[in-house]
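**Student:** Sequence:
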Amino acid sequence: MFGWTDFLFLVVSLFIILPIVVFIRELGYFIAGVVVGAKNLRITIGSGPRLIKKGPLDIRRHYHLYSWFSYDRLEQRDKLAYLFLYASPILINVLLGAGIILLLDREVLPAVEEFWDRFLFYIFFYVLFDAVPMKMVYGRPNNGLILYEMLRYGKRVDTNKEPFLPSTSEIEEAYQKDMKELQKELKEKHPK
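If you're matching positions, the sequence shown starts at -10 in this note's numbering and goes up one per residue.
There could be a bad hint or two in this list.
Have a look at the derived ranges for each label pair, beta carbon to beta carbon [claimed, not checked]:
no.	residue 1	residue 2	range
1	D(-5)	E170	40 to 46 Å
2	L(-3)	M123	32 to 38 Å
3	L175	F113	40 to 46 Å
With a straight-line cut-off of 30 Å between C-alpha atoms, the simulated DSBU-like cross-links for lysine-lysine are [said to hold, decoys possible]:
no.	residue 1	residue 2
4	K43	K173
5	K166	K176
6	K28	K68
7	K42	K169
8	K42	K166
9	K178	K166
10	K176	K42
11	K43	K176
12	K42	K173
13	K166	K43
14	K124	K28
15	K28	K42
16	K28	K166
17	K124	K68
18	K144	K28
19	K28	K169
20	K43	K169
21	K124	K144
22	K28	K43
23	K68	K144
If you're looking for bench data, these hints aren't it; they were derived computationally from the structure. The beta-carbon is built from N, C-alpha and C at its ideal position, and this holds for glycine as well.
Could you put together the complete structure from these sequences and hints?
**Tutor:** Printed below as a string of structure tokens:
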């Protein structure tokens, strides 16, 4: 039976646990980007109008599920650099999940079973979602398919020429353009 406690944990899952797991996933890309020499790194959390932009962190107004990592170019363009970059969200979530399980087993973390069960569920959901090779929206490959094709055939299968991910500069230009168009539409609908 779904009760008030379940509803509370659903809200906690959606607005606390899931955003943290999404941020950690993107942080995996960011750390790998630093290691392989990516330039102009950015983690964007959410979509729509910008709330905060501080250094490489860009937080948007609308829900956090649509989040991404971007960069302009890589210093290292070898196969190993791309493998590491695309494996990084999987690796960071596996390491974090294993670490939490170990800390819970050793009773280092407080045993809030419902919280940790949901936290680990989302961590390993993203691992599965990233690791199983498949095509995503518009036929784009997920990380698992990119890694599989590169390991098996030694080729890239992403839809971008370079870099794999949309560049930070291109994203910023598109964002500024969209915000200007939105402001123009609002002025037309609500003239003063």
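**Student:** Evaluate each hint against the coordinates.
**Tutor:** Against the structure, the hints:
The given range of 40 to 46 Å is respected by D(-5) and E170, whose C-beta atoms sit roughly 42 Å from each other. Take L(-3) and M123: their Cβ atoms lie about 34 Å apart, and the range 32 to 38 Å holds. Checked against the hint of 40 to 46 Å, the pair L175 and F113 passes, with Cβ atoms roughly 42 Å apart. Proximity of K43 to K173 is assessed by CA-CA distance (about 26 Å); at most 30 Å being required, the pair is judged to hold.
Using a Cα cut-off of 30 Å, the hinted pair K166 and K176 holds, with the two alpha carbons roughly 16 Å apart. Only pairs whose Cα atoms come within 30 Å are accepted, and K28 paired with K68 is accepted, the gap being roughly 18 Å. With a C-alpha separation of about 18 Å, the suggested pair K42 and K169 falls inside the 30 Å cut-off, and the hint holds. The suggested pairing of K42 with K166 holds, with an alpha-carbon distance near 17 Å, which does not exceed 30 Å.
For the hint pairing K178 with K166, the CA-to-CA distance comes to about 19 Å; that is within 30 Å, so the pair holds. Distance restraint check for K176 and K42: the Cα-Cα separation of roughly 25 Å lies within the 30 Å cut-off, and the hinted pair is therefore satisfied. For the proposed pair K43 and K176, the alpha carbon gap of about 28 Å is at most 30 Å, so the pair holds. Using a Cα cut-off of 30 Å, the hinted pair K42 and K173 holds, with the two alpha carbons roughly 23 Å apart.
A threshold of 30 Å between alpha carbons decides the hint, and for K166 with K43 the separation of about 20 Å falls inside it, so the pair holds. About 27 Å separates the Cα atoms of K124 and K28, which keeps this hinted pair within 30 Å; it holds. Annotation: proposed proximity of K28 to K42 holds, straight-line Cα distance about 17 Å (limit 30 Å). Only pairs whose Cα atoms come within 30 Å are accepted, and K28 paired with K166 is accepted, the gap being roughly 23 Å.
Proximity of K124 to K68 is assessed by CA-CA distance (about 21 Å); at most 30 Å being required, the pair is judged to hold. With a C-alpha separation of about 23 Å, the suggested pair K144 and K28 falls inside the 30 Å cut-off, and the hint holds. Proposed proximity of K28 and K169 is supported: the alpha carbons are some 27 Å apart, at most 30 Å. Taking the CA atoms of K43 and K169, the gap is near 21 Å; set against the 30 Å cutoff, the hint holds.
Taken as a hint, the K124 and K144 pair is honoured in the structure, with Cα atoms around 16 Å apart against an allowance of 30 Å. A distance of roughly 16 Å separates the Cα atoms of K28 and K43; the hinted pair therefore holds under the 30 Å criterion. For the given pair, K68 sits about 9 Å from K144 by alpha-carbon distance, which is consistent with the 30 Å threshold.
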